[in-house]
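A.B. asks: Sequences and hints are given; from them, build the entire structure.
There are 2 protein chains.
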Amino acid sequence: MRWYPVGKGNMRMDVSDLETPAVLIDCDRMERNIAVMQARCDSLGIAFRPHIKTHKIPAIARLQIQAGASGIACQKVSEAEVFADAGFDNIQLPYNIVGPQKTARLASLAGRCQISVSVDDEAVVIGLAEAAQAAGVKIEVLVELATDLLRTGTSPENAVRLARQIDSTSALHFAGVLVYPSHPANRPTLLEALDRLQRSGISVQMVSGGGTIAALSAHEVPELTELRVGTYIFNDWTTVQKSAASLDDCAMQVLATVVSRPVSERAILDCGSKTLAADQLDGQYGYILEYPQARIVKLSEEHAHVDLNNCDQRPHIGEQVHVIPVHTCVVTNLADRLFGVRGNNVEVEWQVAARGKVW
Amino acid sequence: MRWYPVGKGNMRMDVSDLETPAVLIDCDRMERNIAVMQARCDSLGIAFRPHIKTHKIPAIARLQIQAGASGIACQKVSEAEVFADAGFDNIQLPYNIVGPQKTARLASLAGRCQISVSVDDEAVVIGLAEAAQAAGVKIEVLVELATDLLRTGTSPENAVRLARQIDSTSALHFAGVLVYPSHPANRPTLLEALDRLQRSGISVQMVSGGGTIAALSAHEVPELTELRVGTYIFNDWTTVQKSAASLDDCAMQVLATVVSRPVSERAILDCGSKTLAADQLDGQYGYILEYPQARIVKLSEEHAHVDLNNCDQRPHIGEQVHVIPVHTCVVTNLADRLFGVRGNNVEVEWQVAARGKVW
Chain W
38 MRWYPVGKGN
48 MRMDVSDLET
58 PAVLIDCDRM
68 ERNIAVMQAR
78 CDSLGIAFRP
88 HIKTHKIPAI
98 ARLQIQAGAS
108 GIACQKVSEA
118 EVFADAGFDN
128 IQLPYNIVGP
138 QKTARLASLA
148 GRCQISVSVD
158 DEAVVIGLAE
168 AAQAAGVKIE
178 VLVELATDLL
188 RTGTSPENAV
198 RLARQIDSTS
208 ALHFAGVLVY
218 PSHPANRPTL
228 LEALDRLQRS
238 GISVQMVSGG
248 GTIAALSAHE
258 VPELTELRVG
268 TYIFNDWTTV
278 QKSAASLDDC
288 AMQVLATVVS
298 RPVSERAILD
308 CGSKTLAADQ
318 LDGQYGYILE
328 YPQARIVKLS
338 EEHAHVDLNN
348 CDQRPHIGEQ
358 VHVIPVHTCV
368 VTNLADRLFG
378 VRGNNVEVEW
388 QVAARGKVW
Chain Z
38 MRWYPVGKGN
48 MRMDVSDLET
58 PAVLIDCDRM
68 ERNIAVMQAR
78 CDSLGIAFRP
88 HIKTHKIPAI
98 ARLQIQAGAS
108 GIACQKVSEA
118 EVFADAGFDN
128 IQLPYNIVGP
138 QKTARLASLA
148 GRCQISVSVD
158 DEAVVIGLAE
168 AAQAAGVKIE
178 VLVELATDLL
188 RTGTSPENAV
198 RLARQIDSTS
208 ALHFAGVLVY
218 PSHPANRPTL
228 LEALDRLQRS
238 GISVQMVSGG
248 GTIAALSAHE
258 VPELTELRVG
268 TYIFNDWTTV
278 QKSAASLDDC
288 AMQVLATVVS
298 RPVSERAILD
308 CGSKTLAADQ
318 LDGQYGYILE
328 YPQARIVKLS
338 EEHAHVDLNN
348 CDQRPHIGEQ
358 VHVIPVHTCV
368 VTNLADRLFG
378 VRGNNVEVEW
388 QVAARGKVW
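Taken in order, these protein sequences are the chains called W and Z. Heads up: the first sequence runs through residues 38 to 396, numbered per the numbering used here. Heads up: the second sequence runs through residues 38 to 396, numbered per the numbering used here.
Some hints here could point you the wrong way.
Lysine-lysine pairs mimicking DSS-like chemistry, simulated, CA-CA at most 27 Å apart [what the hints assert, rightly or not]:
1) Lys335(W) - Lys175(Z)
2) Lys279(Z) - Lys335(Z)
3) Lys335(Z) - Lys279(W)
4) Lys335(W) - Lys279(W)
5) Lys335(W) - Lys279(Z)
A partial selection of chain Z residues facing chain W, derived with a Cβ cut-off under 7 Å [as the list claims (entries may be wrong)]:
6) Ser53
7) Asp157
8) Gly190
9) Pro193
10) Lys311
11) Asp316
12) Asp319
Simulated coverage check for chain W against chain Z, where a stretch passes if three residues somewhere in it have a Cβ under 8 Å from a Cβ of chain Z [said to hold, decoys possible]:
13) 232-243
14) 337-351
15) 389-396
Please keep in mind that the hints were generated in silico from the structure rather than gathered at the bench. Computed from a prediction, not measured in an experiment: that's the story for all the values here. We treat Cβ as the ideally placed atom computed from N, Cα and C, and that holds for glycine.
C.D. replies: Quick look at the structure:
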C-alpha cells in the first residue's frame with residue numbers, strides 16, 4: 038500500500054505533495070559534494086572509495102563511481118551483498134568479519150567480486166582463512182591500526198605479526214593497512230607501522246584512510262593511497278559544526294510538520310527519534326532552517342521537542358519546516374525512501390536498498 | 038535473499054543458528070508480561086489498550102487482545118493502517134493528526150473501524166472535522182491534557198473549550214480526556230479538567246491514561262477508565278532501572294557477537310546504534326547479561342564499545358552475549374524481524390510489519 042503521491046509517467050510531484058516526515062536530498066548539492074570530494078582525491082593523486090553507509094542506495098553509489106571512485110566501502114556483509122547484487126565489483130569491508138556464517142558469506146562474495154576486508158586480531162585472520170580455503174577463493178586483507186578513536190585496531194608492532202600470519206595463508210593476501218579516522222593526529226602510528234613493515238620486508242600496496250573530517254587534512258598524511266568517506270555526500274549538523282561543511286553543503290533535510298504548539302515557547306514536530314535518530318550534538322538533535330534560533334532539545338519516538346524561547350517569529354500548527362539532522366547516516370537507516378529534489382520538484386524516489394542491513 | 042537459516046516444515050531452528058545481531062523475544066516472559074498487565078487492569082476494573090509501538094507486530098497484538106485487551110493504540114496513521122489491514126477494529130491514536138493528507142487517511146480508517154484520536158488545539162480539531170465531514174464518517178475525539186512530561190497537551194481550562202468545539206461539529210464526538218503519563222503527579226490536572234467539564238455539563242466517557250511505569254500506580258488515579266501501555270510487554274534496561282520490572286521480566290534481548298578485543302579493557306560488539314539505537318540511560322547503552330560489570334559506554338553505527346575495566350572475566354572474540362537494550366521500542370523499529378525463542382528453540386520469526394511507519 039502506498040499512501041503518498043508518487044510521480045509516475047507524466048505526473049510531476051512537488052515537495053508539497055509529500056507526507057511528512059520526509060527525508061529530502063537536494064540533488065544539486067549532492068552532485069556538487071560528489072564532485073568536490075572526487076576532485077580533492079584526484080588532486081592528491083589517491084583513490085577515492087565512498088562509504089555507502091550514508092546513502093545505502095546503489096543508484097547513488099553509481100553516481101560516485103561515474104565521478105571517478107575506485108570502488109565502495111560497506112560496513113557489513115549484508116550491505117556488501119546488496120551492492121554486489123546491484124553490480125558493484127570492488128568492495129571493501131573495514132570491519133572484523135567474525136563467525137562461520139559471516140565469513141562464509143564473505144568468501145562467497147569474494148568468488149564474484151574483488152573483496153578486501155580489515156582485521157585487528159589473529160582470531161579474525163584464522164576465521165577468514167578457513168572460510169576462504171573452504172570456498173577456494175583468495176581474499177585481500179588489510180590490517181586495521183588503532184587510532185585515537187579508541188575503537189577497533191591493533192598496534193604497529195602487532196600489525197607486522199598479523200601481516201605475516203595473513204601472508205602465510207595461501208587463501209589470504211596482505212594488502213596493506215587501514216586507519217580510521219586518518220587525520221594527522223593518527224599519522225605517527227601509521228608511520229610507525231609502515232616503518233616496521235618495511236623493515237620486516239613486507240610490502241604495503243594500500244594505505245586506506247577514512248572520515249569526512251579527516252578528508253580535509255588528507256594532504257597532511259601523504260602516505261595514504263586511498264580515502265574512504267561517507268558523510269560528505271549529504272553532510273549534516275555535525276560536519277557543519279566541525280567546519281567540514283557549510284549549511285549550503287547539507288544535501289539532506291528532513292521535511293517536518295509542526296503538530297503541536299502547547300505553549301508559546303514550545304513547538305512539537307512530527308519527526309522524532311524514529312526519523313532523526315537519537316544521536317545528539319551538544320544537547321541538540323537537529324537544526325531548523327526556518328527558525329535558526331530554535332533548539333531541538335529532546336526527541337520522543339514521534340515528537341521533536343523544540344524550544345522557541347529565543348525565537349521572535351514562531352511557527353503555527355500545520356507549518357512545515359526543514360531540519361538538518363545531527364547525523365545523516367542514521368537518518369538514512371531509518372527511512373524506507375529518500376526523495377531526491379531539485380527546487381520544488383521531487384525528481385526521484387529512491388528505495389533505501391541497504392537499510393537495516395546489520396548482518 | 039535470505040542469508041540466515043529459518044525453521045521451515047520439520048526443520049528446527051536453534052538460537053545458535055541465528056546470525057548476530059539478532060533481536061530475541063523470550064516467549065515465556067512476553068506471555069507472562071501480557072498476562073500480568075491484563076490482570077492488573079482487570080483487577081482495577083479498567084480497560085487495557087496496549088500500545089503497539091513496542092512490538093509493531095499484528096500477531097503479538099492478537100495475543101494481547103486474546104488476553105482481554107479492549108483495543109490497541111498506534112502513534113501514527115500509517116501504523117494504524119497496518120493494524121486495520123490485519124483486522125484490528127478498535128484503534129486509538131494519542132497524537133495530533135495534522136495536514137489534509139493525514140486527516141483524510143484517518144477519516145478513511147474511521148469508515149472501516151472504530152477510531153479515536155487525541156487533540157490539544159483548536160486548529161487540530163478543525164482539520165479533523167473537515168476530513169470527517171468530507172468522508173461522511175464520525176470520529177471519536179479525546180482532549181489531551183498537558184502533563185509534567187512537557188510535550189503536547191492543553192490546560193484544563195482549554196479542554197472545556199475544545200470539548201465544546203468538538204461536540205459542535207456533527208462529524209466529531211467528544212469522547213473524553215487523555216493523559217500521558219498518567220502517574221499520580223498528573224492527577225491534579227486531570228481532576229481539574231474533569232471538574233471543569235462536569236461543571237460545564239459535558240459528559241466524559243473515557244479517561245485514558247498511559248505509561249508502563251505509570252501503570253504501577255494506576256490504582257492511585259481511580260478516575261482512569263483505560264490504560265495505554267507499550268513497553269511492559271518486552272521491558273528494557275530503563276524499566277528495570279525505574280523499578281517497573283526485574284531483569285527476569287525483560288523479554289527482549291539482543292544477541293550480539295564480540296568482534297574485537299583491541300585492548301584488555303575494551304570489547305567491541307557487533308550491535309551498534311543501527312541495532313540498539315542511540316537512546317542511553319546514565320551514559321550506558323545496554324546491559325550485558327553475561328558480564329554485569331561491563332559497561333556499554335558508546336555506540337558507533339555497527340560497534341558497541343564495551344568498557345571491561347570492572348570485569349574479572351572478559352569475553353573473547355567470537356563469543357556471543359545477550360544485551361538488554363535501554364529502550365525496547367526503538368530497537369524493534371530498527372529490526373526487520375524479531376525472533377521468538379523458548380529456551381534454545383527459535384519458535385517463531387516475526388516480520389516487524391509496522392517498522393518505520395512514521396506517516
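A.B. asks: It remains to establish, for every hint, whether it holds in the given structure.
C.D. replies: Each hint, compared with the structure:
Taking the CA atoms of Lys335(W) and Lys175(Z), the gap is about 35 Å. The hint is violated against a cut of 27 Å. At most 27 Å may separate the alpha-carbon atoms for a hinted pair to count; Lys279(Z) and Lys335(Z) meet this at roughly 22 Å. Distance check on the hinted pair: Lys335(Z) and Lys279(W) sit about 20 Å apart at the alpha-carbon level, within 27 Å; holds. The straight-line distance between the Cα atoms of Lys335(W) and Lys279(W) is roughly 22 Å, inside the 27 Å bound, and the hint therefore holds.
Taking the CA atoms of Lys335(W) and Lys279(Z), the gap is about 20 Å. The hint holds against a cut of 27 Å. A distance limit of 7 Å between C-beta atoms decides the matter here; for Ser53(Z) the minimum to chain W is near 10 Å, and the interface restraint is violated. Look at Asp157(Z): its Cβ gets to within about 6 Å of chain W, closer than 7 Å, so that hint holds up. Interface restraint check: Gly190(Z) against chain W, minimum CB-CB distance 6 Å, threshold 7 Å, status holds.
Given hint, Pro193(Z) at the interface with chain W, is violated; its Cβ is 13 Å from that chain's nearest Cβ, farther than 7 Å. Contact between Lys311(Z) and chain W, as hinted, is supported at the beta carbon level, the nearest pair being about 5 Å apart and thus within 7 Å. Interface restraint check for Asp316(Z): the shortest CB-CB distance to chain W comes to about 5 Å, inside 7 Å, so the restraint holds. The beta carbon of Asp319(Z) comes no nearer than 15 Å to any beta carbon in chain W, farther than 7 Å, and the hint placing it at the interface is violated.
Judged by the Cβ-Cβ criterion of 8 Å, the region 232-243 of chain W is not covered by chain Z as claimed, because only 0 of its residues qualify and three are needed. Given a C-beta distance limit of less than 8 Å, the hint that chain Z covers the region 337-351 of chain W holds, as 5 residues qualify and 3 suffice. Given a C-beta distance limit of less than 8 Å, the hint that chain Z covers the region 389-396 of chain W holds, as 3 residues qualify and 3 suffice.
Hints 1, 6, 9, 12 and 13, counting from the list given before, are not met by this structure.
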